[in-house]
Amino acid sequence: MTPRVAAKARLQWDGLRNRHILLYPEGLVALNPTAAEILGLCDGQHTVEEIVTALSSKYESAEITTDVQTLLAGLAAKGLVTYDA
Amino acid sequence: MQCPYCSNPLDFAGARFKGELTTEEWCRVFREAHDLGVVQLGLSGGEPTLRPDLTELVRCAKQLGLYSTLVTSAYRLKRARLAELKDAGLDHVQISVQAADAELSDRIAGATSFDDKMAAYHATRELGFPLTVNVVLHRENLHQVEAMIRLAERLGAERIELANTQFYGWALHNRAALMPSKAQLAAGWEVVQRERRRLGNRLEIIWVLPDYHEAFPKPCMGGWGNAYITITPAGEVWPCHAAGRIKTLTFANVRDHPLSWIWHESDAFTRFRGDGWMPEPCRSCERKTKDFGGCRCQAFLIAGDAAVTDPVCSLSPHRPLIDAVVAQVEDGDGGNAESAAWTYRAAPASRLLSGG
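Here the protein sequences come in this chain order: A and B. The first sequence begins at 160 in the working numbering and counts up one residue at a time. The second sequence begins at 331 in the working numbering and counts up one residue at a time.
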């Protein structure tokens, strides 16, 4: 499962709000730093497992796997993340 | 395009909308908007593709990181122009269609435009744009809700917006010819629910409620002066695209004031911001944090006072004015005799109706 940010969405830094945002037609999602990092790896080059591994090496949390899965499932339901076959 | 439900002001052909902002002025205004925290830019109109500098405007928006949406009729819009806009950084395209077949769509539009729209839909998808199909619903096309959803599905659109007519501008003028029956709306809503189940997240179906037929008003613009700015071609700044009709407000122009001052300080934006302005029944109503008292424009247009509860609200003393309009459709013959009576949105009619 290789996730990627959908073509209609754009991840960018918002200097005014001091956080990353995910923009899409007529809406936006404000991201916390971890979510932004996860989405930054959703480029069609990293599998979900690789993303979890990358984050686990930086953060000591037992819930990284769940965090990644929850975030991606939520965004996939909105069509903001897609999966390459 | 001459759609009789156009939300443009009746006097769009008048002096108030002459003297459009230049390319440089628009780019400055985009920057001011960005600095205020704006992240979404809708390029609308009128018809935004009539601006020869549209590509340049899109490029300015892209440089600022604004997520740009072109809202167009696609009349005479060619693939090469769309490709140029894509290269400049345009993010998203919304193209209207008036019905699911050429004959009805062209009749409602008052222009032979259906084939242009279909070509533009395909070009939009081929170029990799996310696509929203925009449809305004009313008495003459509500029977086609399913056909329109199927059309959007075939076109590969991300979204279809099925917006029941809101009665402002030309739609208010043509209200008697456009107002649907309760039965039509119920049938349309049933189709939407069924198609949502069938399509899941393959196609997002947005259904904009017909507020005359609701018991409570819409949360108009998410609250006055809360999240939205309209800037007219000539630089006037409105809290929504209909607010310019409210004669008791004064509107500032980006040629005279910084956008930040207009947003924070100007009469038009501060008058109805928050809930301090609210009269009863809104003031003591628990719904005021959900619907913000409804729509100020509708209060002005129907009750003659922008500072009263939206007349659509069942708690409003003005609700009988709405009920009477809805009842006319239910009591009538289904309205077929009246359908020819609408006035198309066109410059000569605009000048005639606004005495300009």
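Calculated directly from the structure, the hints in this document are not laboratory data. Predicted model, so just to flag it, every value in this text is computed and none were measured. Do not take every clue at face value.
[Stated by the list, open to error] To give an idea of the chain B side of the interface with chain A (calculated C-beta under 7 Å), a few residues: (1) Val369; (2) Gln393; (3) Tyr397; (4) Gly419; (5) His422; (6) Gly486; (7) Glu488; (8) Gly530.
[Said to hold, decoys possible] Derived lysine to aspartate or glutamate pairs resembling EDC-like cross-links, with alpha carbons at most 20 Å apart: (9) B/Lys392 to A/Glu185; (10) B/Lys416 to A/Glu222; (11) B/Lys408 to B/Glu386.
Quick reminder that beta carbons are idealized off the backbone N, C-alpha and C, glycines included.
Unsatisfied constraints (hint numbers, rising): The structure breaks hints 2, 4, 6, 8 and 10; every other hint is satisfied.
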